[in-house]
Amino acid sequence: MKSLLRRLAGLAVVLLVASFLVYGMLYLVPGGPMAFLLGNHSGTPEQIAAIRHQYHLDDPFLVRYYHWLSGALTGNLGSSLVYKQSVASLIGARTTTTLTLVAYAAVLIVLGGVTAGTVGALRGGRTDAAISLASSVFLATPAFLVGVVLVVVFANDLGWFPVFGAGSGLGDRLYHLTLPALTLALGNGAYLARITRASVRAELGREHVETARSRGLAEGRVVRRHVLRNAAVPITTVTGLTIAGLLAGSVVVEDVFGLDGIGSLFVRAILQRDMAVVQAVVLVLVAAFVLVNLVVDLCYSFLDPRMAP
Amino acid sequence: MSLIELDGFGLAVPYEKGWRTLVEQVDLTIGQGEAVGLVGESGSGKSMTARAIIGLTPTKARTTGRIVFDGEPVTGISGRRLRELRTRRIAMVFQDPRAHINPVRSVGDFLTEAMIANLGVAPRDARLRAVRLLADVGIPDGERRLRQYPHELSGGLLQRVMIASVLAVEPDLILADEPTTALDVTAQSEVMAILEEARRARGTALLLITHDLELAAATCDRLAVMYAGRIVETQPAEALTERPRHPYAAGLLRSRPSIDEIAHRLPVIPGRPVAAFEAEPGCAFAPRCEYAQPACTRQTPAVREVDGAAVACLRVEELTW
Amino acid sequence: MSSPALPGRLRLPRLPAALRSPAQRIAVGLLVVLAAAALLAPVIAPYDPDLPDLFNALGPASPTHWLGGDAVGRDVLSRVIWGARTTLLGPLLVIVCSTAVGGTLAILAAWCGGKVDAVVSRGLDVLFAVPSIVFALVTVAVLGPGLPAVVLGLTVAYTPFVARVLRSAALRERNLPYVAAAWVQGRSAFAICARHLLPNLTPLIVAQAVSAFGFAVIDQAAVSFLGLGVQPPTADWGLMVKSGLDSAMRGQPLEALSAGLLIAVVVAAGNVLGDRLGEEGR
Chain L
1 MKSLLRRLAG LAVVLLVASF LVYGMLYLVP GGPMAFLLGN HSGTPEQIAA
51 IRHQYHLDDP FLVRYYHWLS GALTGNLGSS LVYKQSVASL IGARTTTTLT
101 LVAYAAVLIV LGGVTAGTVG ALRGGRTDAA ISLASSVFLA TPAFLVGVVL
151 VVVFANDLGW FPVFGAGSGL GDRLYHLTLP ALTLALGNGA YLARITRASV
201 RAELGREHVE TARSRGLAEG RVVRRHVLRN AAVPITTVTG LTIAGLLAGS
251 VVVEDVFGLD GIGSLFVRAI LQRDMAVVQA VVLVLVAAFV LVNLVVDLCY
301 SFLDPRMAP
Chain D
1 MSLIELDGFG LAVPYEKGWR TLVEQVDLTI GQGEAVGLVG ESGSGKSMTA
51 RAIIGLTPTK ARTTGRIVFD GEPVTGISGR RLRELRTRRI AMVFQDPRAH
101 INPVRSVGDF LTEAMIANLG VAPRDARLRA VRLLADVGIP DGERRLRQYP
151 HELSGGLLQR VMIASVLAVE PDLILADEPT TALDVTAQSE VMAILEEARR
201 ARGTALLLIT HDLELAAATC DRLAVMYAGR IVETQPAEAL TERPRHPYAA
251 GLLRSRPSID EIAHRLPVIP GRPVAAFEAE PGCAFAPRCE YAQPACTRQT
301 PAVREVDGAA VACLRVEELT W
Chain A
1 MSSPALPGRL RLPRLPAALR SPAQRIAVGL LVVLAAAALL APVIAPYDPD
51 LPDLFNALGP ASPTHWLGGD AVGRDVLSRV IWGARTTLLG PLLVIVCSTA
101 VGGTLAILAA WCGGKVDAVV SRGLDVLFAV PSIVFALVTV AVLGPGLPAV
151 VLGLTVAYTP FVARVLRSAA LRERNLPYVA AAWVQGRSAF AICARHLLPN
201 LTPLIVAQAV SAFGFAVIDQ AAVSFLGLGV QPPTADWGLM VKSGLDSAMR
251 GQPLEALSAG LLIAVVVAAG NVLGDRLGEE GR
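Residue numbers (the working numbering), protein chains in the order written: chain L, 1 to 309; chain D, 1 to 321; chain A, 1 to 282.
The following block holds chain L by itself, in its conformation from the complex (with noise of 0.2 Å):
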């Protein structure tokens, strides 16, 4: 409990201090804040002075970076000069897609990873050496080029998946989406198939599985009882780190399939220099990542009694 807390401190730190760097490349920017504000645009003296009153332009640096921060924990992400809307309500309007593709490929990443990683552990052999082969593959090509790849023989040559757009209903948004969640799946499952086939093998040599099979347990049982069971630690951990990834690779995967979501607002945004919209995504990330960690965090200690808080 006492540590749980603490690890809820830190992280308050950490999304805090990251928040203030976050607010402060505004000054980073060549040209100060008002070029950062206005972007491209050049706008008229009533523009610039109502961005000045609207940022607080004229109050000290950690006065505005206080309104701004306490904006955000209540939900006022500021308005995009772009658009012309509340970021907040840009983000909303996007989340659906992205964290459908994110858990889509988040469940293809464990099933794929886990299973491919044990079967390759416990079969050995030919097998083996075709998973590690495939994983190895997968592991060194990146996310957008297995985009192209699928979008050009799966959509264009054979078309039997939409080639762009998220869709709409439940059903119908799972096969637009099933491609982009395989682009963000492949590289990242093939990761966690290599941890676990690591972690398996290195528990299959371990002495207390040797106890378990020294007292005639039946070999499924000493497998699934102890083998899988202490892999499932280490395993947890990379699944959740790879989960917090997927995130930020949406950014690439939204591009290549053309969906609306976060990661393409985000990428739109850099390039028209809307910075409001950038602050908050960039905010909204960091504290997904960290937060998903958090929950990693939680599950070991829950998985590893010697962990026990």
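Note that these hints are calculated values from the structure, not bench results. Where a beta carbon is used, it is the ideal one built from N, C-alpha and C, also for glycine.
Part of the chain D face toward chain L, derived, beta carbon under 7 Å: (1) ILE54; (2) THR87; (3) MET92; (4) ASN102; (5) VAL104; (6) ALA114; (7) HIS151.
Output of the computed footprint for chain L on chain A, the stretches with three or more beta carbons under 8 Å from beta carbons of chain L: (8) 129-143; (9) 210-221; (10) 225-236; (11) 241-255; (12) 262-270.
Chains D and A: place on chain L using the hints.
Relative to chain L, chains D and A alone:
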């Protein structure tokens, strides 16, 4: 009638393109309720021999000779038969309980798992039995211990838990592989005493694997000394400590400290122990043996009966200590 | 096995051991060939990589254009060769800089301990909370698109990974008796770090750098692919996959495929070498 009999048992593991012999021509019998000590240095093949009895040989290992348990062969039997053997007849106590007990499962899980899965005991009954077994090995607060995890127990306590788990299946034979080596000195004698007591009370046979000749002599009825994968001498414990016949056994006995005498410098056996696959032709001990003669390096000495001792030494009749 | 007189020199000569297996030799060979192609681009590229040729637009592979032409008819082979320059140079800078910065921080933290260590470690924790590609994108947002911004962003993003691994290794090393021995002999902290600590960490540093190189290639290419890194018309493999997507849909997949495959090959070679060197360094 003997409970278990090893007859010309040998074991080799694949290495690069050939085989590495770890155990060779081992003959050993253990009677009902008898305690036998298998003594040797690390690499002598003693641990591998014990593991072979319940089929815990390395994958791809090649075995020769026969192991017969209670009238039925153990070598080359099906996985199911082997499991039956492990389930009820033979149980093993391992060297390092910290490594040999699953760290993420509770002590209760460890103790009851085999009872529930193999013997069909109901979980509630299994826990009750586990508490009684813990009491038998000198752990009074069993209820609390069952809920704890291995890392919360000391090495000595954990080894008692391991012994309790072995007693749970009421085996005919316990294989104990260096059961006290990983423990503190104070815990060692306690654990040995508990194992001894529980074993005698139940009439269970014991094969004690150890490098500690003194410990083996104190616990066992009969001793077998192993060197480079072979048994070089077998005698009743008292006879062996009083009159060892093989130069290696004699060297081991001389190189241990005694409380009764003041020794300025303990005699040591020169050289280092070798594994079976490193041994040169002839008697493997010959290069370190002060009594070695040219004949010793020409042929491997066969095991011979001399005054109730089985000894593998060409000069056994001539040598006395 | 270990002579206490020369602890600093013990593990260094083992680096070439990484070249023992065929996979390692192939990996090194591929990287050398690609590096040579990048260096010699002006000499070996058959055409001007930026020169459009309408007759070769979306042209198929032919004896004159081995990999065909892109959408505006530029020779794909020449662009692939020239593209090796930007594609490999950026990640190389990233690795060199992040290794230098991360290694310095790690040794500083491990050597000084206490508050310095605490500050460095907490700082790294914060950096860890930001995925590397997000770092690169944020830097681009601030400094504007282009290679310098991407290199800077990725350098910051990769530093904590280097620093964390090296810090714990340096900490282990620092607690070895030979460091205390050198200390007693009156060597300065700097001398001990430079003469003993650093050489002993070298295999690990190299292993870390080699495997990070692959990831840096992927990250930089991804930013280019998004249109935020290297800007057209400069030849770059990430960009070529992007522009090749359209060509591929119109029946000319060679541009995207050749550039994409080369990225995968570089990354795979880095992984193979890094894995192996990692085992050696341990």
